[in-house]
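Can you make the complete structure from the sequences, with help from the hints?
Residue strings, one per chain:
There are 2 protein chains.
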Amino acid sequence: MSQKLIAHIKRFVQLTDEEKKILEDYVQTEQYGKKEHLLEAGEVCSKKYFVVNGILRMYNLNEKGVEQVIHFAIEGWWVTDFFSYNSGKPSRVSLQAVEEAEVTVIDASLENELLAKVPKLESYFRQVLERAYAASLMRTHYIFNLSAEERYRSFAATYPDFVQRVPQYLLASYLGFTPEFLSKVRAKKE
Amino acid sequence: MSQKLIAHIKRFVQLTDEEKKILEDYVQTEQYGKKEHLLEAGEVCSKKYFVVNGILRMYNLNEKGVEQVIHFAIEGWWVTDFFSYNSGKPSRVSLQAVEEAEVTVIDASLENELLAKVPKLESYFRQVLERAYAASLMRTHYIFNLSAEERYRSFAATYPDFVQRVPQYLLASYLGFTPEFLSKVRAKKE
DNA sequence: CAAAAAACTTAATGTAGATTAATAAAACAC
DNA sequence: GTGTTTTATTAATCTACATTAAGTTTTTTG
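For the record, the sequence lines run as chains A and B. Residues 10 to 199 in our numbering are what the first sequence lists, from first letter to last. Residues 10 to 199 in our numbering are what the second sequence lists, from first letter to last.
Think of the hints as simulated: they come from the structure by calculation, not from any bench. Heads up, the beta-carbon is just placed ideally off N, CA and C, and yes, glycines get one too. Fair warning: there could be bad hints in the mix.
[Stated by the list, open to error] Cβ-Cβ distance ranges computed for the label pairs, FRET-style: (1) T25/A to K73/B: 49 to 55 angstroms; (2) T187/B to P188/A: 24 to 30 angstroms; (3) T38/B to N71/A: 56 to 62 angstroms; (4) T167/A to T38/B: 37 to 43 angstroms; (5) R20/B to P188/A: 26 to 32 angstroms; (6) V53/B to Y168/A: 26 to 32 angstroms; (7) F190/B to Q173/A: 45 to 51 angstroms; (8) S118/B to A144/A: 21 to 27 angstroms; (9) T187/B to I31/A: 50 to 56 angstroms; (10) A144/A to Q37/B: 37 to 43 angstroms.
[Claimed, not checked] Which bits of chain B does chain A cover? Going by a derived footprint, with three or more residues having C-beta under 8 angstroms, they are: (11) 35 to 49; (12) 70 to 82; (13) 121 to 131; (14) 137 to 143.
Written out as structure tokens, the structure reads:
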């Protein structure tokens, strides 16, 4: 198991060596190539993914058949479709590696057992979710209060490296406008 | 303490009578009149609120000084500003009762103690957050994939009662368009 | 219940960003 | 390294919704 997950957990709760060992028994590492899918819409999402390296995107299709990026996950983020994961129903979203990615995985069938053995992880996941939820609310706020151009400039200023790593049409989709528009904005002045 | 919180918790974890008693020692009930503030931007948000009755809104001011509704909380929802709550820094959002509201409150200074005594609540809050987070991601998806008019119609179809209870200009703000536009949409056909 | 404030409506005008379409440049595959 | 696919650019036209502003209805308050 990657040390990155251990390091991440350490920022929220302190595990004993014993607990770390137990954790290692319950997670696996997986590798995905560029554009490979971790989950396709229609399948049940039975795993939670921690991104060790690379970038994932969660997306789905709108009525017009256009792919809409709901979310990016980068190093140090957890992703899953909680709707599907918790209900066992087929997912309506897909999860794909934008670039080559390494992930640490926990399976739904094992999670409760793990959490029972290492209750500190309940606290860890709760805290991680608090941050993710707060960030998601803030994103909504930005969507409504910034123009498309402002959204791009503010995002690019906050995540300059990320903006370089990800294809422009995916970034445009994530920020809620067209690639053509992003192209125009970039032409103006970087 | 209201039975509604107990009932809500029961949907996620099973508390013993002993645990319920402990919980009661750590929470309080508060009552807020219409338009009364639970939290004002600039203050530190040191509480988590569970809505027993009524409607709360979380909002902040954009650069133009216009109030933007970030979130509504109705019966059975928890709200807080996690940024402020977890960091102790002043909040940038306000929390206000839209209509007379009764809330069950837990204080930040007591929460860890309570969670230590009743670890099941870690699990409860984790599960509640998973839902809230998933809902927030879905909202983002709707914002980008539905037109303003579709967003209103879909929201009104899903929450017909809520749409009646809340002033139109707040609903418009929450859905990300102007009250004038909502007025026009409603005039067309309900 | 009268006056003031708050919330809602209507209509004219303006604009950010979508759409379409065609071309160009990268990235990929054999 | 040449052909093919994927991604990015540019420009003309179009539209959903914002803005402004004036008027109306509803709610609140003393």
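Hint by hint, here is what the structure shows:
no.	hint	verdict
1	T25/A to K73/B: 49 to 55 angstroms	holds, 52 angstroms
2	T187/B to P188/A: 24 to 30 angstroms	holds, 28 angstroms
3	T38/B to N71/A: 56 to 62 angstroms	violated, 43 angstroms
4	T167/A to T38/B: 37 to 43 angstroms	holds, 40 angstroms
5	R20/B to P188/A: 26 to 32 angstroms	violated, 43 angstroms
6	V53/B to Y168/A: 26 to 32 angstroms	holds, 28 angstroms
7	F190/B to Q173/A: 45 to 51 angstroms	violated, 37 angstroms
8	S118/B to A144/A: 21 to 27 angstroms	holds, 25 angstroms
9	T187/B to I31/A: 50 to 56 angstroms	holds, 54 angstroms
10	A144/A to Q37/B: 37 to 43 angstroms	violated, 29 angstroms
11	35 to 49	violated (count 0)
12	70 to 82	holds (count 5)
13	121 to 131	holds (count 3)
14	137 to 143	holds (count 6)
In summary, the numbered hints that this structure violates are 3, 5, 7, 10 and 11.
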